[in-house]
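Okay, so the sequence shown: first residue is 1 according to our numbering, each after it adds one.
Think of the hints as simulated: they come from the structure by calculation, not from any bench.
Since the model is a prediction, treat every value here as computed from it, not as a measurement.
Heads up, the beta-carbon is just placed ideally off N, CA and C, and yes, glycines get one too.
Errors might be hidden in some of the hints.
[Claimed, not checked] Derived Cβ-Cβ restraints for the label pairs, each shown as a range:
{"id": "1", "residue 1": "Arg68", "residue 2": "Phe119", "range": "18 to 24 Å"}
{"id": "2", "residue 1": "Asp64", "residue 2": "Arg4", "range": "24 to 30 Å"}
{"id": "3", "residue 1": "Gln79", "residue 2": "Ala113", "range": "41 to 47 Å"}
{"id": "4", "residue 1": "Lys73", "residue 2": "Ala113", "range": "30 to 36 Å"}
{"id": "5", "residue 1": "Leu108", "residue 2": "Gln79", "range": "33 to 39 Å"}
[Stated by the list, open to error] Straight-line C-alpha distance at most 27 Å; calculated BS3-like pairs for lysine-lysine:
{"id": "6", "residue 1": "Lys29", "residue 2": "Lys73"}
{"id": "7", "residue 1": "Lys73", "residue 2": "Lys103"}
{"id": "8", "residue 1": "Lys81", "residue 2": "Lys56"}
{"id": "9", "residue 1": "Lys36", "residue 2": "Lys90"}
{"id": "10", "residue 1": "Lys56", "residue 2": "Lys103"}
{"id": "11", "residue 1": "Lys36", "residue 2": "Lys81"}
{"id": "12", "residue 1": "Lys73", "residue 2": "Lys97"}
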Amino acid sequence: MVNRQLQLQELEVFYILPALRRDLADAMKNTGRSQKEIAQLLGVTEAAVSQYMSSKRASLVKFDKELRAEVNKASAEIQCKDSMRRELQKLMSLVRKNRTVCKLHEQLEKVDAGCNACFAHETKVKL
1 MVNRQLQLQE LEVFYILPAL RRDLADAMKN TGRSQKEIAQ LLGVTEAAVS QYMSSKRASL
61 VKFDKELRAE VNKASAEIQC KDSMRRELQK LMSLVRKNRT VCKLHEQLEK VDAGCNACFA
121 HETKVKL
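With these hints in hand, go ahead and build the complete structure from the sequences.
Next up, the structure:
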């Protein structure tokens, strides 16, 4: 096995996005939406939604209370694929802001204390 460093985007794609979808699916299920509707809105299969519900998929990442509350709010706003995309981007911004990805990275790899490699550019780049 190759010993490599995971990049921010890899952590987001392989761990954070699936965990957000899992929590969104759970929140939508709790409001009475069908598995089929949830799958269509999330852009995943019904089998994936089933696996989210049974913790067979995306089970490593657990979000804090604040982010879970935001996920619940977002699930109420999702009515179509466009609103899904918009709400997911809002949630990703929060994940970056509260450095959830850093906590995950520390779980998966040996990371130097105080590492800021993924976010060092934020103070330098003004878009």
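Here is what the structure says about each hint:
{"no.": "1", "hint": "Arg68 <-> Phe119: 18 to 24 Å", "result": "holds, 23 Å"}
{"no.": "2", "hint": "Asp64 <-> Arg4: 24 to 30 Å", "result": "holds, 28 Å"}
{"no.": "3", "hint": "Gln79 <-> Ala113: 41 to 47 Å", "result": "holds, 44 Å"}
{"no.": "4", "hint": "Lys73 <-> Ala113: 30 to 36 Å", "result": "holds, 34 Å"}
{"no.": "5", "hint": "Leu108 <-> Gln79: 33 to 39 Å", "result": "holds, 35 Å"}
{"no.": "6", "hint": "Lys29 <-> Lys73", "result": "holds, 14 Å"}
{"no.": "7", "hint": "Lys73 <-> Lys103", "result": "holds, 23 Å"}
{"no.": "8", "hint": "Lys81 <-> Lys56", "result": "holds, 24 Å"}
{"no.": "9", "hint": "Lys36 <-> Lys90", "result": "holds, 24 Å"}
{"no.": "10", "hint": "Lys56 <-> Lys103", "result": "holds, 21 Å"}
{"no.": "11", "hint": "Lys36 <-> Lys81", "result": "holds, 14 Å"}
{"no.": "12", "hint": "Lys73 <-> Lys97", "result": "holds, 18 Å"}
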